[in-house]
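Trainee: Heads up: the sequence lines are chains R and P, in that order. Just add 98 to wherever you are in the first sequence, counting from 1, and you've got our numbering. Just add 114 to wherever you are in the second sequence, counting from 1, and you've got our numbering.
These aren't lab readings, by the way, just hints derived from the structure by calculation. Here a beta-carbon is modelled for each residue, glycine too, at the ideal position from N, C-alpha and C. Each hint should be verified, as a subset may be incorrect.
As the list claims (entries may be wrong) - If you anchor each label on the Cβ, the simulated ranges turn out as follows:
id, chain 1, residue 1, chain 2, residue 2, range
1, R, LYS137, P, ARG519, 46 to 52 Å
2, R, VAL229, P, GLY260, 42 to 48 Å
3, R, GLY116, P, ASN238, 56 to 62 Å
4, R, GLU195, P, GLU523, 55 to 61 Å
5, P, ARG462, R, GLU195, 32 to 38 Å
6, P, SER185, R, VAL229, 36 to 42 Å
7, P, SER185, R, ASP436, 23 to 29 Å
8, R, LEU101, P, ALA257, 31 to 37 Å
Unchecked claim - Listing some non-contacts, in silico: residues in chain P with all C-beta distances to chain R over 10 Å:
id, residue
9, LEU118
10, ARG254
11, PRO280
12, SER518
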Amino acid sequence: MALSIEQDARRFRQIVRGQIKRNLRKYIANRELIGRRGKELVSIPVPQIDLPHFRFGHPRGGVGQGEGEVGAPIGQGQQPGGGDGPAGDQPGEHILEVELTLQELAEILGEELELPRIQPKSKNNVEGSVVRYTGLRRVGPEGLRHFKRTYREALKRQLISGSYDPSNPVIIPIREDKRYRSWRNYPRPESNAVIFYMMDVSGSMTERKKELVRLTAFWIDTWLQAHYRNVTIRYIVHDAAAKEVDAHTFYHIREAGGTRISAAYELCHRIIQQEYSPEEWNLYAFHFSDGENFGNDNRRCLNILAQGLLPAVNLFCYGQVQNVPGHYFIETLSQLKDEKLALANIRVANDIYDAIRIFLGKGY
Amino acid sequence: MNGLSLSPELATLQETMEAYAREFGLDFFPVRFEMLDYRMMNQVAAYEGFPVRYPHWRFGMEYERLSKSYSYGLHRIYEMVINNDPCYAYLLASNHYVDQKLVMAHVYGHSDFFKNNLWFAHTNRRMLDEMANHASRVRRYIARYGQDTVENFLDACLSLDNLIDPHAVAIQRRPAQGREEAEDPRPVTVRRFKAKEYMEPFLNPPEFLEEQRRRLEEAQKQEERLPPAPERDVLLFLLEHAPLYNWQYDILDMIREEAYYFAPQGQTKIMNEGWASYVHTQIMTRWALEPNELIDYADHHSGTVAVHPGRINPYKLGLELFRDIEDRWNRGAFGPEYQECQDLEARRRWDRQLGLGREKVFQVRRIYNDVGFIDEFLTEEFAREQRLFTFDYNSHRGRYEISSRDFQEIKRRLLFQLTNFGRPIIEVVDGNYGNRGELYLVHRHEGLDLDVPFAQDTLRNLFTLWGRPVHLETKIQGGEKTAIFSHDSTGPSVLN
Numbered sequence: 099m100a101l102s103i104e105q106d107a108r109r110f111r112q113i114v115r116g117q118i119k120r121n122l123r124k125y126i127a128n129r130e131l132i133g134r135r136g137k138e139l140v141s142i143p144v145p146q147i148d149l150p151h152f153r154f155g156h157p158r159g160g161v162g163q164g165e166g167e168v169g170a171p172i173g174q175g176q177q178p179g180g181g182d183g184p185a186g187d188q189p190g191e192h193i194l195e196v197e198l199t200l201q202e203l204a205e206i207l208g209e210e211l212e213l214p215r216i217q218p219k220s221k222n223n224v225e226g227s228v229v230r231y232t233g234l235r236r237v238g239p240e241g242l243r244h245f246k247r248t249y250r251e252a253l254k255r256q257l258i259s260g261s262y263d264p265s266n267p268v269i270i271p272i273r274e275d276k277r278y279r280s281w282r283n284y285p286r287p288e289s290n291a292v293i294f295y296m297m298d299v300s301g302s303m304t305e306r307k308k309e310l311v312r313l314t315a316f317w318i319d320t321w322l323q324a325h326y327r328n329v330t331i332r333y334i335v336h337d338a339a340a341k342e343v344d345a346h347t348f349y350h351i352r353e354a355g356g357t358r359i360s361a362a363y364e365l366c367h368r369i370i371q372q373e374y375s376p377e378e379w380n381l382y383a384f385h386f387s388d389g390e391n392f393g394n395d396n397r398r399c400l401n402i403l404a405q406g407l408l409p410a411v412n413l414f415c416y417g418q419v420q421n422v423p424g425h426y427f428i429e430t431l432s433q434l435k436d437e438k439l440a441l442a443n444i445r446v447a448n449d450i451y452d453a454i455r456i457f458l459g460k461g462y
Numbered sequence: 115m116n117g118l119s120l121s122p123e124l125a126t127l128q129e130t131m132e133a134y135a136r137e138f139g140l141d142f143f144p145v146r147f148e149m150l151d152y153r154m155m156n157q158v159a160a161y162e163g164f165p166v167r168y169p170h171w172r173f174g175m176e177y178e179r180l181s182k183s184y185s186y187g188l189h190r191i192y193e194m195v196i197n198n199d200p201c202y203a204y205l206l207a208s209n210h211y212v213d214q215k216l217v218m219a220h221v222y223g224h225s226d227f228f229k230n231n232l233w234f235a236h237t238n239r240r241m242l243d244e245m246a247n248h249a250s251r252v253r254r255y256i257a258r259y260g261q262d263t264v265e266n267f268l269d270a271c272l273s274l275d276n277l278i279d280p281h282a283v284a285i286q287r288r289p290a291q292g293r294e295e296a297e298d299p300r301p302v303t304v305r306r307f308k309a310k311e312y313m314e315p316f317l318n319p320p321e322f323l324e325e326q327r328r329r330l331e332e333a334q335k336q337e338e339r340l341p342p343a344p345e346r347d348v349l350l351f352l353l354e355h356a357p358l359y360n361w362q363y364d365i366l367d368m369i370r371e372e373a374y375y376f377a378p379q380g381q382t383k384i385m386n387e388g389w390a391s392y393v394h395t396q397i398m399t400r401w402a403l404e405p406n407e408l409i410d411y412a413d414h415h416s417g418t419v420a421v422h423p424g425r426i427n428p429y430k431l432g433l434e435l436f437r438d439i440e441d442r443w444n445r446g447a448f449g450p451e452y453q454e455c456q457d458l459e460a461r462r463r464w465d466r467q468l469g470l471g472r473e474k475v476f477q478v479r480r481i482y483n484d485v486g487f488i489d490e491f492l493t494e495e496f497a498r499e500q501r502l503f504t505f506d507y508n509s510h511r512g513r514y515e516i517s518s519r520d521f522q523e524i525k526r527r528l529l530f531q532l533t534n535f536g537r538p539i540i541e542v543v544d545g546n547y548g549n550r551g552e553l554y555l556v557h558r559h560e561g562l563d564l565d566v567p568f569a570q571d572t573l574r575n576l577f578t579l580w581g582r583p584v585h586l587e588t589k590i591q592g593g594e595k596t597a598i599f600s601h602d603s604t605g606p607s608v609l610n
């Protein structure tokens, strides 16, 4: 039975979504969210939902009951009484923690940034299947017995054989009458995706720049994971040479060498060739760098991109985390005209919003 | 109602428990019990005990919170009861038989309290129907004016719903409604003493006369003001003077009515729960408990009265106070002779064999509210026995610490927490501030500053209702500086 309060609960969630949407730009630039992400849920601090009242400022104490000397600490970890509701630490904000599924968060992201839904490349050879109980058969476990059909069969048989007595309508099914539900496997095309994250970890990539990369990657993950059932993520770091690493190393490694971007592109291309056939996989490649490349390496990068990577992938994105004006790698890439190529400058956290729009706005 | 009626077994139990309750001397509204599963229980709890409320998201928010906490096993609502005639009470279907017994005994305590405690005397005993009426009226307004419009207005009203005068129901603060015809201001005349001419400057000194004249003029001006005296019932002031559409007036009126209905429950939290716990312990241990139920009963009872260091458990404090009162009046440990006795040992063994305890607790449950209850009956011995303390935040060590076990301090803090529901007292002082139709409120500062961000947001809501700029005068920095927070069409501002 539907409860009348569910209408109120729905309205509440609607308001929460509205608040998140309105403040999405702030959330996107906020590193806090990464730590709040679980396997399926992300907990989001939403300001200004609770109704404000005139009330006293921070309740700093009260009356309690129990043992202990003066000066003894009381109940660690629990909010002592006196006030009601959590107090926000920012002026003008009363904060409520709301849990959203990643799916919901992706939807909000999509609606607000007006991102087109991704049409996965149709892949016929990668298939999952789904089991549906649609048919009937004469044998099967008793747990699957179809009562109504069995009854009907028994009734039919008894009518034909003349053993049905309308004044005493007792129906006794025998083994031949019994019908069981049976299942069929329905093939279902399933699309899988691989995300390659490539990052420059040369000496000039500071912590701050890596943080920008990490935030951008968080939102890209959220969006792509909402569209594909299986998403594999591979991480490649490079300075003058490239290697594949795990997620933790990716964000924390520090190297001190120079920069040769082509090394990363080559490695990425090699992995694709060896492991992921472009016919079967939706491939996404994201590269982040501060754009300082060895001058003579640029031509090589363009070659690999044009000949190898771009034809294979759904999308290739380059994000440049550099806030000093000058001539950088992004200018080199912009010579390349390809609709699968997306370029964005991410100077500060607020640029991430637009970068995501550029990257994912193509809908590939 | 959407609950199930009681099983035959529980219906019989109810009859038995009701008989015990009468035997104990309780005088209660008839009680209707309903069985609910946990989902419906959460719904009713989110609706503050009522089966139907007007549509509003904050109920949904509370419902989500309760559902989540229930599914994590953090809480379990045992009992809920509403002040109505007949009294409605809910039982959780999945509870054990002995729990239901305990809950029933507890509920009869509440029902007796609702009926007899004077602070509940003014409440509408048909509130169940009234709430349903409110719900259907709000639904109608939503259908007519749109969800967002009505909801925004409700939000604004609800954020002000603690600006009532909880004592107004018992006193007449001002002449009944209706404005008198405006008279021409009478000329101010100062009465003077009859005096011989040579005594005149001594009996009627001119500076005194001048001062009197000023005071009278001031009083006359005050009378012309709006409101004539500072008005604590801000909601009433808004109803009478804010430019509201009829539907807005109706909604604000509903919110105010509900606020007054719920107010006594806030005023008597400790007494109400204490009394119900006192009743259930008496009924259970004297009559109702079977030997095989003892362990379960003891377990659940002690869960209810468990002590948490960081807050006062109203069940525990109330129960112990009632027991203490009963014990003291049985022994005759009250009155001037007892008060003056300085010998601790003699005080402890004091026994005049008066046996007035039972009579006294019944009287106390009738005429006190929490503030009076604590003020009158919380003794130094009691505070020591119950290990009460005050705690404060030690910013040096970043934790809450026990700050004192001093009796006066404990009592002062406890009373402060209970006064005006632990909310600031705010009054309308001028409804035509600066002769510009602006609203001027004053916070009566008593040592604690307002939460400024909350105050500013609340002012915004007040501005929504009043339609002209609104101001709130308060003190900041621990009461050292006066500040005026304002809100007008350009947004919030501060003057200090």
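Trainee: All the hints need checking, so say for each whether the structure fits it.
Mentor: Going through the hints against the structure:
1. R:LYS137 with P:ARG519: 46 to 52 Å: Check passed, 48 Å falls within 46 to 52 Å.
2. R:VAL229 with P:GLY260: 42 to 48 Å: holds, 47 Å
3. R:GLY116 with P:ASN238: 56 to 62 Å: violated, 36 Å
4. R:GLU195 with P:GLU523: 55 to 61 Å: Distance hint for GLU195 of chain R, GLU523 of chain P is violated at roughly 35 Å.
5. P:ARG462 with R:GLU195: 32 to 38 Å: violated, 50 Å
6. P:SER185 with R:VAL229: 36 to 42 Å: violated, 29 Å
7. P:SER185 with R:ASP436: 23 to 29 Å: violated, 50 Å
8. R:LEU101 with P:ALA257: 31 to 37 Å: violated, 21 Å
9. LEU118: LEU118 of chain P clear of chain R: closest Cβ-Cβ about 12 Å, beyond 10 Å.
10. ARG254: holds, 16 Å
11. PRO280: Since the minimum Cβ distance to chain R is about 15 Å, PRO280 of chain P lies beyond 10 Å and the statement holds.
12. SER518: violated, 6 Å
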